[in-house]
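J.: As a plain string of letters, each chain reads:
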Amino acid sequence: MYEHDLLIVGAGLAGLRAGVEGVQKGLRTAVITKVHPVRSHSNAAQGGINAPLTDRGDEWEGHALDTIKGSDYLADQDAVEIMSSEAGDAVLELERMGVIFSRGDDGRLGTRRFGGQKVARTFFVGAITGSAMLHVLYEQALKHGLQVYEEWFVTSLIKEEGAVRGVIALDMKTGELHAIRAKAVLLAAGGAGRVFEPSTNALICTGDGLSLAWRAGAPLMDMEMIQYHPTTLARTGILLSEAARGEGAYLLNSDGERFMEKAAPDYMELASRDVVSRAEQVEINEGRGVDGNVLLDLRHLGRTFIEERLGYLQEVAVEFLGIDLAEQPVPIRPGMHYIMGGIKTNADGETEIPGLYAAGECANVSVHGANRLGANSLLDTIVFGRRAAKKSVEYVKSIGENGSDSEAHLKAEKERLQALLDRPKGARTAEIRNEMATGMTEGIGVFRDQNSMEGALAKVHEMRKKYDASIYVENKGKVFNTDLMFALELDFMLDCAEAVATGALMRKESRGAHFRTDMPDRDDENWLKHTLSYKSEEGVRTETLDVVVTKWEPVKRVY
Amino acid sequence: MQTNLKVKRQDPEANGSQPHFQEYSIDIHPDSTILDALIYVREEVDGTLALRCSCRASICGSCGMKVNGRARLVCKTRVADLAPEGEQLTVEPMGNQRVIKDLVVTLDTFFDQIKRVEPYMKPDKEPESGEFIASNESMTNLLTAMNCIMCGCCVSDCTVLEVDDNFIGPAALAKAWRFTEDPRDDQRDQRLKTLNDEDGGIWDCTRCMQCVEVCPKDVAPMDRIMELRDAAIEAGNRDTHGYHHTESFYNSVKKNGRLDESRLALDSAGWTSIPRLLDLVPVGLKAMMKGKLPPLFPHKAEDKQKIRDVYEKVEGERE
Numbered sequence: 000m001y002e003h004d005l006l007i008v009g010a011g012l013a014g015l016r017a018g019v020e021g022v023q024k025g026l027r028t029a030v031i032t033k034v035h036p037v038r039s040h041s042n043a044a045q046g047g048i049n050a051p052l053t054d055r056g057d058e059w060e061g062h063a064l065d066t067i068k069g070s071d072y073l074a075d076q077d078a079v080e081i082m083s084s085e086a087g088d089a090v091l092e093l094e095r096m097g098v099i100f101s102r103g104d105d106g107r108l109g110t111r112r113f114g115g116q117k118v119a120r121t122f123f124v125g126a127i128t129g130s131a132m133l134h135v136l137y138e139q140a141l142k143h144g145l146q147v148y149e150e151w152f153v154t155s156l157i158k159e160e161g162a163v164r165g166v167i168a169l170d171m172k173t174g175e176l177h178a179i180r181a182k183a184v185l186l187a188a189g190g191a192g193r194v195f196e197p198s199t200n201a202l203i204c205t206g207d208g209l210s211l212a213w214r215a216g217a218p219l220m221d222m223e224m225i226q227y228h229p230t231t232l233a234r235t236g237i238l239l240s241e242a243a244r245g246e247g248a249y250l251l252n253s254d255g256e257r258f259m260e261k262a263a264p265d266y267m268e269l270a271s272r273d274v275v276s277r278a279e280q281v282e283i284n285e286g287r288g289v290d291g292n293v294l295l296d297l298r299h300l301g302r303t304f305i306e307e308r309l310g311y312l313q314e315v316a317v318e319f320l321g322i323d324l325a326e327q328p329v330p331i332r333p334g335m336h337y338i339m340g341g342i343k344t345n346a347d348g349e350t351e352i353p354g355l356y357a358a359g360e361c362a363n364v365s366v367h368g369a370n371r372l373g374a375n376s377l378l379d380t381i382v383f384g385r386r387a388a389k390k391s392v393e394y395v396k397s398i399g400e401n402g403s404d405s406e407a408h409l410k411a412e413k414e415r416l417q418a419l420l421d422r423p424k425g426a427r428t429a430e431i432r433n434e435m436a437t438g439m440t441e442g443i444g445v446f447r448d449q450n451s452m453e454g455a456l457a458k459v460h461e462m463r464k465k466y467d468a469s470i471y472v473e474n475k476g477k478v479f480n481t482d483l484m485f486a487l488e489l490d491f492m493l494d495c496a497e498a499v500a501t502g503a504l505m506r507k508e509s510r511g512a513h514f515r516t517d518m519p520d521r522d523d524e525n526w527l528k529h530t531l532s533y534k535s536e537e538g539v540r541t542e543t544l545d546v547v548v549t550k551w552e553p554v555k556r557v558y
Numbered sequence: 000m001q002t003n004l005k006v007k008r009q010d011p012e013a014n015g016s017q018p019h020f021q022e023y024s025i026d027i028h029p030d031s032t033i034l035d036a037l038i039y040v041r042e043e044v045d046g047t048l049a050l051r052c053s054c055r056a057s058i059c060g061s062c063g064m065k066v067n068g069r070a071r072l073v074c075k076t077r078v079a080d081l082a083p084e085g086e087q088l089t090v091e092p093m094g095n096q097r098v099i100k101d102l103v104v105t106l107d108t109f110f111d112q113i114k115r116v117e118p119y120m121k122p123d124k125e126p127e128s129g130e131f132i133a134s135n136e137s138m139t140n141l142l143t144a145m146n147c148i149m150c151g152c153c154v155s156d157c158t159v160l161e162v163d164d165n166f167i168g169p170a171a172l173a174k175a176w177r178f179t180e181d182p183r184d185d186q187r188d189q190r191l192k193t194l195n196d197e198d199g200g201i202w203d204c205t206r207c208m209q210c211v212e213v214c215p216k217d218v219a220p221m222d223r224i225m226e227l228r229d230a231a232i233e234a235g236n237r238d239t240h241g242y243h244h245t246e247s248f249y250n251s252v253k254k255n256g257r258l259d260e261s262r263l264a265l266d267s268a269g270w271t272s273i274p275r276l277l278d279l280v281p282v283g284l285k286a287m288m289k290g291k292l293p294p295l296f297p298h299k300a301e302d303k304q305k306i307r308d309v310y311e312k313v314e315g316e317r318e
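In order, the protein sequences belong to chains C and W. Under numbering that gives the first Met the number 0, read the first sequence as residues 0 to 558, first letter to last. Under numbering that gives the first Met the number 0, read the second sequence as residues 0 to 318, first letter to last.
Since the hints were made in silico from the structure, they are not lab data. Accuracy of the hints is not assured; some may be wrong.
As the list claims (entries may be wrong) - Which residues of chain W face chain C? A partial, calculated answer using Cβ under 10 Å: (1) E12; (2) G15; (3) R41; (4) E43; (5) T47; (6) I58; (7) K100; (8) I113; (9) P118; (10) D123; (11) P126; (12) F131; (13) I148; (14) S251; (15) K254.
Remember, predicted model here, so these are calculated numbers, not experimental data. Where a beta carbon is used, it is the ideal one built from N, C-alpha and C, also for glycine.
Produce the complete structure using the sequences and hints provided.
T.: Now the structure itself:
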């Protein structure tokens, strides 16, 4: 029997930050993660972390407004105010933990510019900011003795009398299923990028946390808001950081024109990501692309600058396409990258279910609204990872012993998994997943309309049916049975896909990343609202919720 | 293109099963990485194959394994680069780490080594407000080691770990360097002393260069270890056989133009350290029996003066 006060699912930036907080507050805290902490997808964030540092003249309101405008006014402004005003402190805390942020000549933290902002307030470590932060937080976890269940895969939540009281998890190394009781469970399990194909996301980004919460009764919010990153490497789909454009790179079409002049004459290449991705897709669709891509040109930045400040970009361009960025423009295209939507939480990480918290990409606070600014995701993880942990600590201290009958839950879950393993033949995971994920990209892409979205939802329903009737796990062994894990992940992904398609069909307007060619305008009168979906016995139930506006009235969004 | 993978399989659940090779012949896109090929096998051919992978972009460090005998990240290794004519590729789990199943090795070996170097910053006191002040050069310098993604390739191919599992290992020592070189850390002297004195510490590296060659992120762990040695000596850690060895090597070549191997052994052990000197006796006898005992009076180089000139030039430049 395993037992904790606070159990955090996921060991990326939000999870580790929360874990350290829990230990420091004296709670029996543990993190459970399906991969070793330093393998988490927070690694992939390259360009930096935004923070208005007020001690050097920046104003948090400026960052808040840029974030809200970036969100196309769908972010809840009270939550954004909290994120922006706590950002400076969060970045300085990371620096003092040991993150090797780039410096200016005065030895203080240096910045670069990022999209959707005119002020350079993005702090960075070369082009490995996420990785450099993740490894330092892992150091802190070691320092504080944070317990980590490494390579344990959570299959379901224990919920009793309306509250979450632990998890059931599979120890991948032994293949044994265990119940872990916890007074509070904090989901910091990352995004669901693999619901789409292609995606910049790692193979582990399968929406586990989103689905776990959804099944427990918590609503998912604004799931239609899918970010397509403007610069993913041709053919491979590997992410090339926005830092390239932040440092001055150009986007060119096949005629060598900087086409952003048309779409965003003021911000040019540094408009919001949704704006840039659409502009690229227009060039490609109208025949001014290069084999389905446009070009990212860094040549004028010079070799030394590229290698020092954008080293990882050079590494992947050379390794994967054989292109030297100092010599040649590199072909890129928009690629699915991030989900703004997620488990609905307040600014303290609380969901609608007692004992269940969420932070990071799987949560929707909502600070990103309809489009996230580059370098706000790292900020989100640190600020809200910390806040969610603080709130869950209070909750844990306020309740009595955990009396849940975890063994009964464990027994039921064992039977469910055994039934899956007992099926002698059927459809492979990859077959169903690929069909679902390519269907999602076709239907819910950079541009979408009623028809395409209905097609995506129909495909998801078809794949759900096929999954339930015939999913087949070839590997019957216990030790490191990834075949079984992938089948369970696909189960989670199908939930996420359904929530995305449902949200997309609800929203009868275009806003941020949700651009409908059949309804191209934003409709503040009817749709200054979040879309909510609940999973229920009868199917998906939907609701809407008004956006919180504090002091920034929605205006037309121009870059 | 057609490719042929020969994969080392190992299943702890199969009774009495020994490691064995299994061949997969598959058709792949010409630009495929070895990881793409392995994922294809796992998804379409054989769902029982176990391997780790995640980001597919050489940043998460999951997919270290041996290809044709050398540790690599398979996500950044293209099939066509190693086997342009469809030659067979041999894929095995990383070395120096226990296999859990097939290509999956235990993480404990690697991370236990990391934990040995107290891998977190230890400042005496933090700034009351704002950040530590540090030069950009000092931070950029640390990027070398922060680029480490902990994939384990260096540990896999380390020739010292092959014979001595107490060695702290290349990745952990590179991690230690990251703290000794960080101007914000205040435990530099203590860290250097520990790394110098500890069994399995900085003097156990044999400078075989394997870690430098296999590191997919140019961390060059061996170079970091050599910098740690220099720093440890400069910080006054001179009473170790590692330092004596270095000093003897240096003086012998300076004096004779060649290495005096007998003297090197005696100097390294330390002339006053009777137990260590006694330890040399059986080694010496064994060497003598096989005719491998170095001459007691060293050969001298023909043109010693040229070598001394080199010394003078280098020493002059250092001053």
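J.: Against this structure, judge whether each hint is valid.
T.: Hint check results:
Proximity of W/E12 to chain C holds as hinted, the smallest CB-CB distance being about 5 Å (cut-off 10 Å). Using the Cβ-Cβ criterion of 10 Å, the hint placing W/G15 at the interface with chain C is not satisfied: the shortest such distance is roughly 15 Å. Nearest Cβ of chain C to the Cβ of W/R41: about 7 Å, under the 10 Å cut. The hint holds. For W/E43, the shortest C-beta to C-beta distance to chain C is roughly 7 Å, which falls under 10 Å, so the interface hint holds.
For the restraint placing W/T47 at the interface with chain C, the shortest Cβ-Cβ distance is roughly 4 Å, inside the 10 Å limit, so the hint holds. Hint status for W/I58 relative to chain C: holds, with the closest Cβ pair at about 5 Å, below 10 Å. Given the 10 Å rule on beta carbons, the hint for W/K100 holds: about 4 Å separates it from the nearest Cβ of chain C. For W/I113, the interface hint holds, the least distance from its beta-carbon to any beta-carbon of chain C being 8 Å, beneath 10 Å.
With 10 Å as the threshold, the beta carbon of W/P118 comes within range of chain C, its nearest partner Cβ sitting at about 5 Å, so the hint holds. For W/D123, the interface hint is violated, since its Cβ never comes within 10 Å of a Cβ in chain C; the closest pair sits about 13 Å apart. Because the beta carbon of W/P126 sits about 7 Å from the nearest beta carbon in chain C, less than 10 Å, this interface hint is met. At its closest, the beta carbon of W/F131 sits 7 Å from a beta carbon of chain C; the interface hint therefore holds under the 10 Å criterion.
Annotation: interface hint on W/I148 holds; nearest CB of chain C at approximately 7 Å, less than 10 Å. Proximity of W/S251 to chain C is violated relative to the hint, the smallest CB-CB distance being about 41 Å (cut-off 10 Å). The criterion of a C-beta within 10 Å of any C-beta in chain C is not met by W/K254, whose closest approach is roughly 43 Å, and the hint is violated.
The structure shown violates the earlier hints numbered 2, 10, 14, 15.
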